[in-house]
Amino acid sequence: MGTVALPQVRPVNPALQFLRVVPGVLLLAAIGYAGKLLEANVGKYAKAHHWTFPNIEYVLWAILIGLAISNTVGVPEIFRAGVATYEFWLKAGIVLLGARFLLGDVLKLGGASLALVGIEIVVAIAFMTFLGRAFGLQPKLTSLLAVGSAVCGVSAIIATKGAIDADDEDSSFAIAAILALGALALFTFPLIGHTIHLSDHAYGVWAGLAVDNTAEAAAAGALYSDAAGKLAVLTKTTRNALIGFVVLAYAFYWASRGQAQAVGNKALFLWQKFPKFVLGFLLISALATAAFFSKDQIGALANLSRWAFLLTFAGVGLRTNFKALSKQGLKPFAVGAIGEVVIAAFTLGLVFAAQRVFHW
Amino acid sequence: MSQQEQTAVTPAKQRGFSVDAWAVLLAFVLAALVRAGVFKHIPW
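Residue numbers (my numbering), protein chains in the order written: chain P, 1 to 360; chain G, 1 to 44.
The following block holds chain G by itself, in its conformation from the complex (with noise of 0.2 Å):
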C-alpha cells in the first residue's frame, strides 16, 4: 500500500453505549442505591 493509498483510521461513531459504560453505569447506580440507604445490607 503506497503512502497515498493510506488512509487515516478515523475511530467509528459508537451506536450507544460499550460494555464498559454500561458496566460503569450499573456499578455507580447501585452505588448511589447503597449509598441513599434504598440496599441497607447485602448479604453474602
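Just chain P, same shape as in the assembly (with noise of 0.2 Å):
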C-alpha cells in the first residue's frame, strides 16, 4: 500500500494573527467612535439650523456607517480579519455588563427569562420544522433553521452542524437566512416597540427572546434604551445557556435515524457547547453583589462593556452584505422570515402574559 503525504500545517505566528487583526479592529473603532460623534454633532447642528431631524442613537450610526461600507466599497481584505473579531467585543461586553447586574436581579430577571426562553423554543422548534416540511426543504437544513430561530443564530446553526453532520450548503443557507433577518429585525423591532408602547422592561425581553443573534439582539435592545439593551442582553444570554441541550437533543435525533455519529460523552458534550462567557458574566455579576468593586469602578467596568458594544455593533454593518445574503436561495428565507414572523407575534404575547404576572 503506497502513503499519502499530508500536507503539513505550519503554525501560525500568534505576533502575526495579533497584526493580522489590527487594521479591522482600528476600522471597528473608527466607525464605533464616528457613531458617537454623529450622535452628538447632528442633533445639535439640526437644532441650530432649525431643522426637524429625530435623534438617532450612536448605536445606529455605527450599523448605517457599517452597512453603508459593506455595501458599496466593501470591505477590502486587509480589514475582515479584525472585522471579524466583532463577536469576541461582544463576549468580553457581555462578561463586563455583569459588573451592572446584582445577583440576585440576575437569578430573579434569569428565572423569568428562563420560563420564557423555554416555552419559546419548544414553540419555535416544532413551528419550524413545520414550516420546513411544509415547504419541502431538506430536512437537515430544516433543523438548522429551527435551531437557528429557536436558540441563537449563527452560533447555534454552526454547532448544531458538527453534530448532525449537516451538508456546508445547508449550514450556509441557514446562516444567510438569519443574519437577513437579523439585519431586518434590528430596523422593525424598535419601531413596533414604540409604536405599541413597550416599556424598556418589556421590550428588552422581547428583543431577547424573539431576535436570534446575539449581536444583533444586543443592538435591537440598545436602540430603544441603554435599560432595554442590558435586559435583551441577559435575556438573550439565558438562551445561549440552553445552547448545549438543544444540540445534544438533535444530535441524538439524527443518530437515532442513522445520519449522524452517536454521541459519547455527553457531559463533556454540552460542556463543549456551553457558552463560557455565560460563566464570565455570572461570576462579574457575583464580584459587584459581593461589594468587590467600588461604585466608581462599576461605572468604569460599565463604560468598558459599553466600549466593546460599541465595536460589535460597528461590526454587525460591515458584515451584512444584502447582495451576498440574497443570492443564498428564497425558499430558506421564506422559510425563516415566516417563522421570524410568527415567533416574533408570539413572543409578544408571551411578554406581555409575563408583564401581568411579574409587573414589569
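Some hints here could point you the wrong way.
Stated by the list, open to error - Distance condition first, Cα-Cα at most 30 Å in a straight line; then the derived DSSO-like pairs of lysine-lysine:
#, chain 1, residue 1, chain 2, residue 2
1, G, 40, P, 266
2, P, 276, P, 266
3, P, 295, P, 276
4, P, 276, G, 40
5, G, 40, P, 36
6, P, 36, P, 323
I should point out that these hints are in silico values taken from the structure, not numbers from a laboratory.
Dock the two chains into a complex; use the hints.
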C-alpha cells in the first residue's frame, strides 16, 4: 500500500495573527467613534439650523456606516480578519456587563426569562419544523433553521452542523437566512416597540427572546434604550445558555435515524457547547454583588462594556452584505421570514402575559 | 449507517483557547486592572 503525503500544517505565529487583526479592529473603533460623534453633533447642528431631524443614537449610526461601507465599496481584505473579531468584543462586553447586575437580580430576571425562553424554544422548533416540511426543505436544513431561530442564530447553527453532519451548503443557507432576518429586526423591532409603547423592560425581554443572533439582539435592545439593551442581553444570554441541550437533542435525533454519529460523553459534549462567557458574566455579577468593586469601579466597568459593544455594533453593519445574502436562495429565507414573524408575534404575546404576572 | 458503523463522537481536543475563553480572560484582566486602580476612570 502506498503512502499519501499529507500537507504540513504550519503553526501560525501569534504575533503575526495579532498584527492581522489590528487594521480591522481600528476600523471597528473608527466607525463606532464616528457613530458617537454623529449622535452628539448631528442633533445639535439640526437644532441650530432649525431643522426637524430625529435623534439617532450612536448604535444606529455605527450600524448604518458599517452597512454603507459593506454594501458599496465592500470591506477590503486587510480589514476582514479584524472585523471578524466583533463577536469577541460582544462576548467580552457581555462579561463586563455583569458588573451592572446584582446576582439576585440576575437570578430573579434570569429565572423569569428562563421560563419564557423554555416556552419560546419548544414553540419555535415545532413551528420551524412544520414550516420546513410544508415548504419541502431538506430535513437537515430544516433542523438548522429551527435551531437558529429557536436558540441563538449563527453559533447554534455552527454547533448543530457539526453534531448532525449537515452539509456546508445547508448551513450557509441557514446562516444567510438568520443574518438577513437579524438585520431586518434591527430596524423593525424598535419601531414596533415604540408604536405599541412597550416599557424598556418588556421590550428588552422581547428583543432577547425573538432576535436570533446575540449581536443583533444586543443592538436591537440598545437602539430602544440603555435599560432595554441590558435586559435584551440578559434574556439572550439565558437563551444562549441552553444551546448545548438543544444541540444534544438534535444530535440524538439524527444519530437515531443513522444519519449522524452517536454522542460519546454527554457531559463533555454539553460542556463543549456551553458558552463560557455566560459563566464569566455570572462571576463578574457575583463579584459586584459582594462589593468587590466600588461604585466608581462599577461605572468604569460599565463604560468598558459599552466600548466593547460599540465595536460589535460597527461589526454588525460591516459584515452584512445584502447582495451576498440575496444569492442564498428564496425558500430558506421565506421559511425563516415566516417563522420569525410568527415567533416574534408569539413571544410578544408571552411578554404581555409575563408583564401581568411579574408586574414589569 | 448501521449501529456497528456508528462511531461515538469524541469531542476533539482543541488547541489553545476558544474565542469565548479569550473574551472572558480579557474581561477579567480589565476588571482586575480597574479593581487595582490602574484604570481609575473610563470615559464614555
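Evaluated hints:
The suggested pairing of residue 40 of chain G with residue 266 of chain P is violated, with an alpha-carbon distance near 45 Å, which exceeds 30 Å. Distance check on the hinted pair: residue 276 of chain P and residue 266 of chain P sit about 17 Å apart at the alpha-carbon level, within 30 Å; holds. Restraint check for residue 295 of chain P and residue 276 of chain P: the C-alpha separation of about 26 Å stays at or below 30 Å, so the hint holds. Straight-line distance between C-alpha atoms of residue 276 of chain P and residue 40 of chain G comes to about 28 Å, which keeps the hinted pair within the 30 Å bound.
A C-alpha spacing of about 22 Å is found between residue 40 of chain G and residue 36 of chain P, which places the hinted pair at or below 30 Å, so the restraint holds. Between residue 36 of chain P and residue 323 of chain P the CA atoms are separated by roughly 28 Å; this keeps the pair inside 30 Å, and the hint holds.
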